[in-house]
Amino acid sequence: MSEKPPRVGLFVTCLVDLFRPTVGFAAAKLLEDAGCTVEVPRTQTCCGQPAYNSGDRGDARSIAARTVEAFEGYDYVVAPSGSCAAMLREHYPALFTDDPGMAAKAAKLAGRTYELVSFLTDVRGVTGVEARFPGSVTYHDSCSGLRELGIKHQPRALLATVDGLTLAEHADAEVCCGFGGTFCVKYPDISNTMVSEKADAVESTGADTLLAGDLGCLLNMAGKLKRRGAKTSIRHVAEVLAGMTEQPAIGESAEG
Amino acid sequence: MESSARAFKENARAAVADPQLKRALSHVKEGFIGKRAKAAAKLPEFEVLRDAARDIKNHTLDHLDLYLEHYERKVTETGGQVHWCPTAEDARRAVLEICRAVGARTVTKGKSMIAEEIALNDHLEANGITPVETDLGEYIIQLRGETPSHIIAPAVHLTKDLVEADFRAHHTAFPPERPLSEPRQLVNEAREVLRGKYLAADVGITGANFLVAETGTSVIVTNEGNGDLTQVLPRVHIVVASLEKVVPTLEDVSTILRVLARSATGQECSTYTTFSTGPRRAEDPDGPDQYHVVLLDNGRSSMLGGEFQDMLRCIRCGACMNHCPVYHAIGGHAYGWVYPGPMGAVLTPNLIGIEEAGHLPSASTFCGRCESVCPMRIPLPKMMRHWREREFERHLSPAGARAGLALWAFFAKRPSLYHFVTGMAAPLLAALGRGRFRRLPLAGGWTAHRDMPAPEGRTFRQLWAGRRQGESR
Amino acid sequence: MSEAREQVLGALRRSLRRGDTAGTSATASRLAEHRRNLIPARADLPRAEQVALFETWAVRQAASVVRVSDAAAVPGALAAFLKAENLPAEVRMAPDPELEALPWRDQPMLTVTKGPARDSDAVSLTGALAGIAETGTLLLHSGPAGPTSLNFLPETHVVVLSANRIVASYEDGWDILRARFGEGTLPRTVNYITGPSRTADIEQTIQLGAHGPRRLHIILVGANADAERD
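Protein chains in written order, with my numbering: chain S, 1 to 256; chain Z, 1 to 473; chain G, 1 to 230.
Derived by calculation from the structure, the hints in this document are not laboratory data.
The C-beta atom is built at its ideal place from N, Cα and C for all residues, glycine as well.
Incorrect hints may appear among the rest.
Here are the simulated SDA-like pairs of lysine to any residue, each with C-alpha atoms no more than 20 Å apart in a straight line [as the list claims (entries may be wrong)]: (1) S:K186 x Z:P398; (2) S:K105 x S:T121; (3) G:K83 x G:S120; (4) Z:K382 x S:A103; (5) Z:K22 x Z:D161; (6) Z:K38 x G:A41; (7) Z:K29 x S:K108; (8) Z:K382 x S:T182; (9) S:K186 x Z:N11; (10) S:K186 x Z:I354; (11) Z:K22 x G:T205; (12) Z:K22 x S:D189; (13) Z:K382 x S:A94; (14) Z:K35 x G:T205; (15) Z:K413 x S:P41.
The following label-pair restraints were derived from C-beta to C-beta distances [claimed, not checked]: (16) G:A28 x Z:E47: 51 to 59 Å; (17) G:A26 x S:T166: 56 to 64 Å; (18) Z:Q185 x G:R60: 20 to 28 Å; (19) S:A107 x Z:G400: 21 to 29 Å; (20) Z:R390 x S:A254: 42 to 50 Å; (21) Z:R100 x G:A84: 46 to 54 Å; (22) Z:S416 x S:R7: 18 to 26 Å; (23) Z:T172 x S:K231: 35 to 43 Å; (24) Z:Q185 x G:D175: 52 to 60 Å; (25) G:R35 x S:G111: 32 to 40 Å.
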């Protein structure tokens, strides 16, 4: 009576591909542990948010069309990012309102796309992980995941099953870290004020490690914390859930 | 009002470096957010009421001309007069004519964002009529020669020591030694000063939170009672309102009121909700002899039927800015025109042009907190994106950013090339970075304030291909 | 009709892409029916509990409430309130027959004058058309018996409210007004008042008595008796 394992297309995300492959491998491991077959379509690049959020609808559409094509035929599409998953889920269909054929394909993709952690808990029914991570962590709720996809309790539920881990919530965990894609370089003064407040909140918990589900936010927060000389380590939540924490944390090197 | 929205970046830079402003803005975060959450939690029907409120306004906007005609008919029946004003200039002229016709010297004013939008005070002053703001916050900023920095808490950018200094400078009839450091003392002194103004005013001007088609009524919602003294004591009551304020019935107003105060200040309801219909009746012992409604379009009619129609549902509660991390960082003045925060980022370009206000819809991380608390469920981020699309189409966005975006998109659309380039870049950056960069060419916006974490080494794609080869062997 | 009017209405119709009569029946019926939308269940209670809910919310919003058994006890309750608050024994009363009929003779020390508020009046006394249980709100309206200035100008506003006038919601308030004044029309001013005047304009700290009354005192008549609604 063994059920055929679902075929999952892993949407790696451009940032994970370039900056933090460990997150991709952690995602693959978690998906495989949850009984899925994981494949990584070769023609994926980026979800297109930089274009979409800059008002460049034309390029956003072309990139979206490629992504739709690249992920045809999978049972599910999973991304280790709330922001990219929300782009595929919530925004792709709206890009093709004048092209019914593509709109239907985009809607089909949207219905099969999930953010990694919520996919594990909500679709695959995962209630715990086999991992050990001694120390205290604090968790930042990235905006798209939180508000567009309703991701709040899922990562906390799984983190609670990590051996040795304690969660210390920081104030305003739901407030934006100031990344916002191109926002952080277009409006550096505002972005800096926002990420400074986030860093204050994180540091004041005394937690050893800051976790989140989106690499964009993590790069931003890591950049600020490291610039300030904070002792906090920064990692993607998937690394901890998969027990893949041998790599130096984000913004750190093996030499320290 | 003159706009400085073009200088948004400079305004923002100055704002984030202002410690006094930072102190004042901390009250926004501490006050409004928790109170709204508590008020919403106390009413089990709150979320359903938001849907109902949205639906009422959607229906009204789809029939706006008809409801306005009915509204006007009812105003006229009760002895009032509606002045249709296509532009801000028309509205200023209409108010001035009414004031002149009764020989007005001073007018008291309740809080009105439309009066700010049409820059009414300057116009009245230029024509020899003294406007006196009576809402405490508005009064304070009038003394300072400033504009509101928030649509419901106009003086939220000020700390009490600044208010004390202003009162000492302006209220010279009071003993100089008086204690004035506590909010209580400041409120009492303003009360005393303004009392005389209410009684002396020839005309009272208020805004309107709603206009009710069913009865030809204007509605104001206040906590201070200043709007009521403003309209009941002088001979003439002028309402300045924009045309999207109309709703069909008293029942509809009641529904929207249930989400308004809770979203705005976290109150169950505001202290005073006042429904004004026409001038005083023959047998009434008090009230104004004349009732005028100056009804402003100023570009709103062109928002109907288009991608910004949803913005016309806005009831000016301020919840979007109260919850906006960008507003928290820079305050309201940096936005450079009447309406700050997320609602301003969408509305302002509609009213003064995207050429002038292009920064406003761009300066958002799309964190979505505004939409999540908007009582009228206005999709604010979506409409900011619409503005960015228009800017992009019209080549209004900065050339450097466009070029960078075009280069990135060129690669993103060509997966093989893209992966070739990233496959070269990642290991190189990893080797150079030793964990992170303090400085990086072309990334000054980033590295001015934070380090740039370096890639781990090879790209995921390269490593994954290796793993699969290893497995298959 | 004015050119400006046609300009604005024309612009609206162009944006809505329809002729000038389409939709008229939809709006006419909505206006005539003035159907209720969802009303919170909070005040959907038996009468005695509605009165208690009214009182709870009024007090939470910083009004004070005293219950008296019948109308004859109002002058005494007013005098006691003024004394307790250290206020002068002078009130400016609405020319309301119901208030005029009260036994003022029982309080010879109390000076009662009638009419709209004057700058010098410290305390006003008015009736109320209804009390709204949902939020502890008073419903007052202008008319020969109710000068609106009494609700705002004096520092202390005392309101006499019969418990049998307490209703659940604002919508109930509208029905009462329509029954009294007719469909599609209202008195010049209708005030929904919840607690005394306040402001938070200085550093978001709430201060009572911004411009309107510092104190709102409600004398609730007949709340203890088995009040039947009239």
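A quick look at each hint next to the structure:
1. S:K186 x Z:P398: It holds: about 10 Å lies between the C-alpha atoms, which stays within 20 Å.
2. S:K105 x S:T121: Violated. K105 of chain S to T121 of chain S sits at ~26 Å, over the 20 Å cutoff.
3. G:K83 x G:S120: holds, 19 Å
4. Z:K382 x S:A103: holds, 18 Å
5. Z:K22 x Z:D161: Roughly 14 Å between the alpha carbons, so the hint for K22 of chain Z and D161 of chain Z holds.
6. Z:K38 x G:A41: At roughly 18 Å apart (the allowed maximum being 20 Å), A41 of chain G and K38 of chain Z satisfy the hint.
7. Z:K29 x S:K108: violated, 41 Å
8. Z:K382 x S:T182: holds, 17 Å
9. S:K186 x Z:N11: holds, 14 Å
10. S:K186 x Z:I354: holds, 17 Å
11. Z:K22 x G:T205: holds, 17 Å
12. Z:K22 x S:D189: It holds: about 14 Å lies between the C-alpha atoms, which stays within 20 Å.
13. Z:K382 x S:A94: The given pair, whose Cα atoms are some 11 Å apart, holds under the 20 Å limit.
14. Z:K35 x G:T205: Holds - the C-alpha atoms of T205 of chain G and K35 of chain Z are around 13 Å apart, at most 20 Å.
15. Z:K413 x S:P41: The given pair, whose Cα atoms are some 15 Å apart, holds under the 20 Å limit.
16. G:A28 x Z:E47: 51 to 59 Å: violated, 31 Å
17. G:A26 x S:T166: 56 to 64 Å: The hint (56 to 64 Å, Cβ to Cβ) holds, given that A26 of chain G and T166 of chain S are roughly 60 Å apart.
18. Z:Q185 x G:R60: 20 to 28 Å: holds, 26 Å
19. S:A107 x Z:G400: 21 to 29 Å: Violated, since A107 of chain S and G400 of chain Z (Cβ atoms, about 36 Å apart) do not stay within the stated range.
20. Z:R390 x S:A254: 42 to 50 Å: Once the Cβ atoms are compared, 48 Å apart, the range 42 to 50 Å for A254 of chain S and R390 of chain Z holds.
21. Z:R100 x G:A84: 46 to 54 Å: holds, 50 Å
22. Z:S416 x S:R7: 18 to 26 Å: holds, 24 Å
23. Z:T172 x S:K231: 35 to 43 Å: Cβ of T172 of chain Z to Cβ of K231 of chain S: about 56 Å, so the range 35 to 43 Å is violated.
24. Z:Q185 x G:D175: 52 to 60 Å: Taking Cβ atoms as reference, Q185 of chain Z and D175 of chain G lie about 45 Å apart, which means the hint is violated.
25. G:R35 x S:G111: 32 to 40 Å: At roughly 37 Å between Cβ atoms, G111 of chain S and R35 of chain G fall inside 32 to 40 Å, so the hint holds.
Checked against the numbered hints listed earlier, the structure breaks hints 2, 7, 16, 19, 23, 24; every other hint is satisfied.
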